[in-house]
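Participant: Spelled out from the first residue to the last, the chains are:
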Amino acid sequence: MSRKLELIVLAIVLIFAVQFVHMSSTTDAEYGGADGEAENVINEITGGTYEPIAEPFWEPPSGEIESLLFGLQAAIGAGIIGYFLGYYNAKKNYENELGYKGKNKPDSDRQSL
Amino acid sequence: MHIMEGFLPSPWWQAWFAVSIPVIMYGIYKMNKLVNEKREILPLLAVAGAFVFVLSSLKLPSVTGSCSHPTGTGVAAIIFGPAISAVLGTIVLLYQALFLAHGGLTTLGANVFSMGIVGPVVAYLVYKAGMKANLNFYIVVFLATAFGDWATYVTTSVELALAYPAGGVLTVAGFMSSFGKFATVFAVTQVPLAIMEGAISALLFKYVVNVKSDILIEMKVIEAAVVKKLRGISA
Numbered sequence: 001m002s003r004k005l006e007l008i009v010l011a012i013v014l015i016f017a018v019q020f021v022h023m024s025s026t027t028d029a030e031y032g033g034a035d036g037e038a039e040n041v042i043n044e045i046t047g048g049t050y051e052p053i054a055e056p057f058w059e060p061p062s063g064e065i066e067s068l069l070f071g072l073q074a075a076i077g078a079g080i081i082g083y084f085l086g087y088y089n090a091k092k093n094y095e096n097e098l099g100y101k102g103k104n105k106p107d108s109d110r111q112s113l
Numbered sequence: 001m002h003i004m005e006g007f008l009p010s011p012w013w014q015a016w017f018a019v020s021i022p023v024i025m026y027g028i029y030k031m032n033k034l035v036n037e038k039r040e041i042l043p044l045l046a047v048a049g050a051f052v053f054v055l056s057s058l059k060l061p062s063v064t065g066s067c068s069h070p071t072g073t074g075v076a077a078i079i080f081g082p083a084i085s086a087v088l089g090t091i092v093l094l095y096q097a098l099f100l101a102h103g104g105l106t107t108l109g110a111n112v113f114s115m116g117i118v119g120p121v122v123a124y125l126v127y128k129a130g131m132k133a134n135l136n137f138y139i140v141v142f143l144a145t146a147f148g149d150w151a152t153y154v155t156t157s158v159e160l161a162l163a164y165p166a167g168g169v170l171t172v173a174g175f176m177s178s179f180g181k182f183a184t185v186f187a188v189t190q191v192p193l194a195i196m197e198g199a200i201s202a203l204l205f206k207y208v209v210n211v212k213s214d215i216l217i218e219m220k221v222i223e224a225a226v227v228k229k230l231r232g233i234s235a
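Protein chains in written order, with this note's numbering: chain A, 1 to 113; chain B, 1 to 235.
No lab work stands behind these hints: they were computed from the structure. Worth double-checking, as some hints may not be accurate.
[What the hints assert, rightly or not] As a list, the in silico DSS-like pairs of lysine-lysine whose alpha-carbon atoms are at most 30 Å apart: (1) B/K181 <-> A/K92; (2) B/K128 <-> B/K228; (3) B/K38 <-> B/K128; (4) B/K229 <-> B/K38; (5) B/K220 <-> A/K91; (6) A/K91 <-> B/K228; (7) B/K132 <-> B/K30; (8) B/K132 <-> B/K59; (9) A/K91 <-> B/K30; (10) B/K33 <-> B/K220; (11) A/K4 <-> A/K91; (12) A/K4 <-> B/K220; (13) B/K181 <-> B/K33; (14) B/K132 <-> B/K229; (15) B/K59 <-> A/K92; (16) A/K4 <-> B/K38; (17) B/K30 <-> B/K181; (18) B/K228 <-> A/K4; (19) B/K38 <-> A/K92; (20) A/K4 <-> B/K128; (21) A/K92 <-> B/K33; (22) A/K91 <-> B/K181; (23) B/K229 <-> A/K91; (24) A/K92 <-> A/K4; (25) B/K128 <-> A/K92; (26) A/K92 <-> B/K229; (27) B/K33 <-> B/K132.
[Claimed, not checked] Covered, in the sense of this in silico footprint (three residues per stretch, anywhere, with C-beta under 8 Å from a C-beta of chain A), are these stretches of chain B: (28) 20-31; (29) 125-139.
Since the model is a prediction, treat every value here as computed from it, not as a measurement. Built from N, CA and C at the ideal position, the CB exists for glycine as well.
Make a model of the complete structure from these sequences and hints.
Facilitator: Have a look at this one:
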């Protein structure tokens with residue numbers, strides 16, 4: 001199985017990672033959220049007169065809780081992706097194996113549910 | 001791309017709800033129909049939704065010295081079309097609005113419009129055009145998801161510039177001036193992240209093609225001949 005695509009993706013991620021390490025150690029960039037920066041732009045345009053028309057009715061009480069919930073979100077997603085890709089992968093392998101043992105050899109491209 | 005709770009004044013937040021709600025309703029209708037007709041697509045639908053979950057939770061540093069996150073909606077758009085992607089995007093945005101104070105309930109309409117509608121529509125169109133032009137499948141996926149991601153952030157800039165034109169009155173010049181400022185925050189920061197999202201989406205597609213290409217062929221996402229070729233070269 002060729003790993004060409006994996007290598008390309010890894011190279012892209014590495015380029016940005018190296019850039020990040022370099023920049024974060026040589027400049028004092030804050031790496032704040034772009035969503036929050038938009039608030040500053042709004043204040044700048046309106047001269048700070050804008051009052052939000054609503055407040056979030058619940059906010060994570062601390063940065064720790066917030067990263068917990070973000071981590072949870074990623075974990076739920078990653079779990080689902082891994083489960084189903086693994087399920088399909090095993091299914092495909094077993095179907096091929098059983099297919100060869102049985103009399104009717106299936107078309108190798110055929111994958112039932 | 002999350003416009004924060006309360007940061008879209010009337011009538012803009014209502015307007016974006018008015019645009020987004022019909023699309024979400026249509027998406028729910030399409031999703032129900034699809035799931036009823038083909039139960040076997042459910043796992044793939046879950047994977048596409050989960051991919052949005054993962055990517056939109058990762059706030060990545062960008063070359064501009066600020067952090068933003070990819071959207072992950074391009075994959076769903078390519079497999080299931082923009083309407084169903086809008087539903088998946090809405091679920092994620094609701095989670096973040098309710099539990100993370102990211103985005104908000106009043107701005108949900110605008111955020112769904114940018115992340116759940118415009119992004120997927122752009123990804124879908126780029127994908128269709130790229131496949132028609134017979135480009136390499138993974139390159140097409142890369143381009144489609146990267147442009148979809150980027151379009152989401154451009155849309156957010158448009159939404160904010162419409163609500164906050166320079167000078168307080170909505171004129172073309174005022175809009176352009178504000179758009180430039182918001183685009184500097186969002187669109188520029190997003191370029192490297194869009195590239196990463198495209199690369200990772202292409203990788204996910206590689207695995208789906210490897211283990212479950214028959215569903216993609218059935219959904220008319222990809223032709224059988226293309227799958228044969230991909231397996232021959234990269235499988």
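Participant: So, for every hint listed, does it hold in this structure?
Facilitator: Okay, the hints, checked on the actual structure:
| no. | hint | result |
| --- | --- | --- |
| 1 | B/K181 <-> A/K92 | 51 Å, violated |
| 2 | B/K128 <-> B/K228 | 19 Å, holds |
| 3 | B/K38 <-> B/K128 | 23 Å, holds |
| 4 | B/K229 <-> B/K38 | 26 Å, holds |
| 5 | B/K220 <-> A/K91 | 22 Å, holds |
| 6 | A/K91 <-> B/K228 | 19 Å, holds |
| 7 | B/K132 <-> B/K30 | 25 Å, holds |
| 8 | B/K132 <-> B/K59 | 34 Å, violated |
| 9 | A/K91 <-> B/K30 | 28 Å, holds |
| 10 | B/K33 <-> B/K220 | 16 Å, holds |
| 11 | A/K4 <-> A/K91 | 25 Å, holds |
| 12 | A/K4 <-> B/K220 | 26 Å, holds |
| 13 | B/K181 <-> B/K33 | 43 Å, violated |
| 14 | B/K132 <-> B/K229 | 16 Å, holds |
| 15 | B/K59 <-> A/K92 | 35 Å, violated |
| 16 | A/K4 <-> B/K38 | 33 Å, violated |
| 17 | B/K30 <-> B/K181 | 38 Å, violated |
| 18 | B/K228 <-> A/K4 | 17 Å, holds |
| 19 | B/K38 <-> A/K92 | 19 Å, holds |
| 20 | A/K4 <-> B/K128 | 24 Å, holds |
| 21 | A/K92 <-> B/K33 | 27 Å, holds |
| 22 | A/K91 <-> B/K181 | 51 Å, violated |
| 23 | B/K229 <-> A/K91 | 22 Å, holds |
| 24 | A/K92 <-> A/K4 | 22 Å, holds |
| 25 | B/K128 <-> A/K92 | 28 Å, holds |
| 26 | A/K92 <-> B/K229 | 19 Å, holds |
| 27 | B/K33 <-> B/K132 | 27 Å, holds |
| 28 | 20-31 | violated (count 0) |
| 29 | 125-139 | violated (count 1) |
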